[in-house]
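Q: The whole structure should be built from the sequences, with the hints applied where relevant.
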Amino acid sequence: MTSSDLNWDAIVIGGGHNGLVAAATLAKSGRKVLLLEAGKELGGAARTEEFAPGFRVSAVAHLLNHLHPDVVKTLELERHGLTIERGDFVPSVALSKDGPLVLHGAYGEVLTGASPSEQSAWKELRAQLLRHAGVLKPFLSRRPPDLAGMSLGEMTGLGQTALALKRLGKEDMRDFLRVLLMNVYDLLDEQLSDDRLKGLLAFDATLGSHLGPRSPTSLLGLYYR
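Numbered by our numbering, the letters in the sequence shown go through residues 462 to 686 in order.
Each statement offered as a hint is correct.
Subject to a maximum C-alpha distance of 27 Å in a straight line, what follows is the list of computed DSS-like cross-link-like pairs (lysine-lysine):
id : residue 1 : residue 2
1  : Lys534    : Lys598
2  : Lys489    : Lys501
3  : Lys584    : Lys558
4  : Lys659    : Lys584
5  : Lys558    : Lys659
FYI, nobody ran anything at the bench for these hints, they're computed from the structure. What you are looking at is a predicted structure, and each value in this text was computed from that prediction instead of being measured.
A: Right under this line is the structure:
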């Protein structure tokens with residue numbers, strides 16, 4: 462290996478799904494990239510393993526809600542063999558001595574096993590979360606702005622966010638700014654009373670992260686879901 466072979470524009474450490482996306486995106490933009498992985502296989506939590514002859518499943522990841530459509534499009538994953546089978550929404554279930562509590566449908570559209578008052582409270586909270594998540598969604602695929610010298614595109618993006626906030630209305634906008642960086646425990650405890658529902662939602666908000674329900678910003682995980 463010559464010295465010229467050691468000149469990399471970027472070195473990505475870890476060949477999990479996040480590392481692969483980062484390396485592929487950098488390479489697609491023209492960078493010379495070195496990807497380092499200590500294990501025998503690439504893919505991390507998203508790799509497929511055969512647990513019995515003829516039976517293959519995802520090694521760890523069981524949800525695809527973190528796979529952004531822009532990643533699929535930019536890296537042309539479907540052209541390289543990615544296929545996604547669409548199925549019914551899998552219900553989320555919390556079990557306790559008081560009986561099961563179940564969230565059905567898209568983003569917990571239907572709640573069963575809870576009191577009428579709790580169902581009403583959840584309906585209101587769910588609507589609020591969806592409104593707020595709509596404001597945050599563009600940031601998932603937008604480069605963080607350079608506050609020292611923003612480009613026209615960055616200023617336009619921030620202007621669109623400000624407009625989306627204004628469209629929430631004064632009361633909802635104030636509430637959005639109040640709860641944005643809260644922990645998920647405090648928000649759920651403030652608006653719900655059923656511990657089963659609070660536990661289920663707190664688990665969903667922190668699944669796959671190194672945060673607990675009382676960790677600052679853990680509410681963002683629920684918005685992301």
